[in-house]
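In order, the protein sequences belong to chains A and B. Okay, so the first sequence: first residue is 1 according to the working numbering, each after it adds one. Okay, so the second sequence: first residue is 1 according to the working numbering, each after it adds one.
Calculated from the structure, these hints are not laboratory results. Fair warning: this is a prediction, and the values are worked out from it, not measured in the lab. Heads up, the beta-carbon is just placed ideally off N, CA and C, and yes, glycines get one too. Among the hints, erroneous ones may be present.
[Said to hold, decoys possible] Across the chosen pairs, the derived CB separations fall in these ranges:
#: 1; chain 1: A; residue 1: M131; chain 2: B; residue 2: L117; range: 52 to 60 Å
#: 2; chain 1: A; residue 1: G72; chain 2: B; residue 2: Y90; range: 27 to 35 Å
#: 3; chain 1: A; residue 1: H16; chain 2: B; residue 2: S66; range: 49 to 57 Å
#: 4; chain 1: A; residue 1: K100; chain 2: B; residue 2: Q53; range: 42 to 50 Å
#: 5; chain 1: A; residue 1: G132; chain 2: B; residue 2: F106; range: 24 to 32 Å
#: 6; chain 1: B; residue 1: G14; chain 2: A; residue 2: P22; range: 40 to 48 Å
[To be verified] Quick look at which bits of chain A chain B covers, simulated, 3 or more residues with Cβ under 8 Å:
#: 7; segment: 14-23
#: 8; segment: 86-97
#: 9; segment: 102-110
#: 10; segment: 118-132
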Amino acid sequence: MASTPRPEVQRPLSPHLQVYRPQLTSVLSITHRATGVANALLSLGLVWWLLALMAGPGAYARFTAFFGSVVGQVLLVAATFSLMYHLCNGVRHLFWDTGKGLDIATAYRSGYAVIAGSLLLTVAIWAYVLMGGAA
Amino acid sequence: MSLRNPLARARGHGSAKEGVHHWWMQRLSAIALFFLLPWHIGLFIELGGSDFQVVRAVVADPLNASLLALFVIALFQHARLGLQVVIEDYVGTRATEVALHVLTRFVYLAATVASLLAIIVLAVRAG
Numbered sequence: 001m002a003s004t005p006r007p008e009v010q011r012p013l014s015p016h017l018q019v020y021r022p023q024l025t026s027v028l029s030i031t032h033r034a035t036g037v038a039n040a041l042l043s044l045g046l047v048w049w050l051l052a053l054m055a056g057p058g059a060y061a062r063f064t065a066f067f068g069s070v071v072g073q074v075l076l077v078a079a080t081f082s083l084m085y086h087l088c089n090g091v092r093h094l095f096w097d098t099g100k101g102l103d104i105a106t107a108y109r110s111g112y113a114v115i116a117g118s119l120l121l122t123v124a125i126w127a128y129v130l131m132g133g134a135a
Numbered sequence: 001m002s003l004r005n006p007l008a009r010a011r012g013h014g015s016a017k018e019g020v021h022h023w024w025m026q027r028l029s030a031i032a033l034f035f036l037l038p039w040h041i042g043l044f045i046e047l048g049g050s051d052f053q054v055v056r057a058v059v060a061d062p063l064n065a066s067l068l069a070l071f072v073i074a075l076f077q078h079a080r081l082g083l084q085v086v087i088e089d090y091v092g093t094r095a096t097e098v099a100l101h102v103l104t105r106f107v108y109l110a111a112t113v114a115s116l117l118a119i120i121v122l123a124v125r126a127g
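Only chain A is shown next, with the shape it has when bound in the complex (with noise of 0.2 Å):
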């Protein structure tokens, strides 16, 4: 028995990302992705850290030696900015879940806020740090 032919019907299609221009809180939208995924994968970091503390001198040497290097200390410059961006957007989107701030207006203020005082912690943190805070 052939198959009656189901009726044509237009359904809605995803919406294809090229056709749209970037705006600020579609870029911080899915920067606050990004960075989520960059700072789940760099908190593995800290496994080492306690591991190496525990395991002894040695291990502990390793790897200090690693994030004292460029590579390791490039690393952390990046992991400052990518965990003060999501703790700053993270407060923003505790405010938009009790439904404050979500008109466009404030969505764009609140926005530049988040990369302004991301920016600025960074900063704030590394001079600090290179001034002598951690000697």
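Following the hints, put chain B in place on chain A, whose structure we already have.
Same frame as chain A, but now just chain B:
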């Protein structure tokens, strides 16, 4: 018109059968991390460049060890829940998706256990 059974609606557990549990846990861990992350960064800055014995003693301090334990629990739970959503949204192949769910679940559980073990060993050794 709703196609949903009134009882299912009343229970509010949705199609995933767990209601808002994932959403709520993600927020709870976020609020915990709002406080614990700055504390942890402060600890790292304070410890930067210190030698092994000093770092070990600071981590073994009961208050620091407790806060560190809370931090790793909240951090790895938040990371795992976040990665879960990203995998659900962007991985199109069901088999790959399930494999990644299993992998992230195992990796972050292992990370939590390893971290807590290390913290406890360090605290007990010093005590």
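Here is what the structure says about each hint:
1. M131(A) x L117(B): 52 to 60 Å: 36 Å, violated
2. G72(A) x Y90(B): 27 to 35 Å: Roughly 29 Å apart at Cβ, these two residues keep to the hinted range, so it holds.
3. H16(A) x S66(B): 49 to 57 Å: Since H16(A) and S66(B) have Cβ atoms about 50 Å apart, the given range 49 to 57 Å holds.
4. K100(A) x Q53(B): 42 to 50 Å: 48 Å, holds
5. G132(A) x F106(B): 24 to 32 Å: Given a distance of about 42 Å, which is not inside 24 to 32 Å, the answer is violated.
6. G14(B) x P22(A): 40 to 48 Å: Distance hint for G14(B), P22(A) is violated at roughly 32 Å.
7. 14-23: violated (count 0)
8. 86-97: holds (count 6)
9. 102-110: As far as the segment 102-110 of chain A goes, the hint is violated, because 0 residues have Cβ atoms under 8 Å from chain B.
10. 118-132: This one holds; 3 residues, not fewer than the three required, reach chain B with a Cβ under 8 Å.
Against the hints set out earlier in the document, violations occur for numbers 1, 5, 6, 7, 9.
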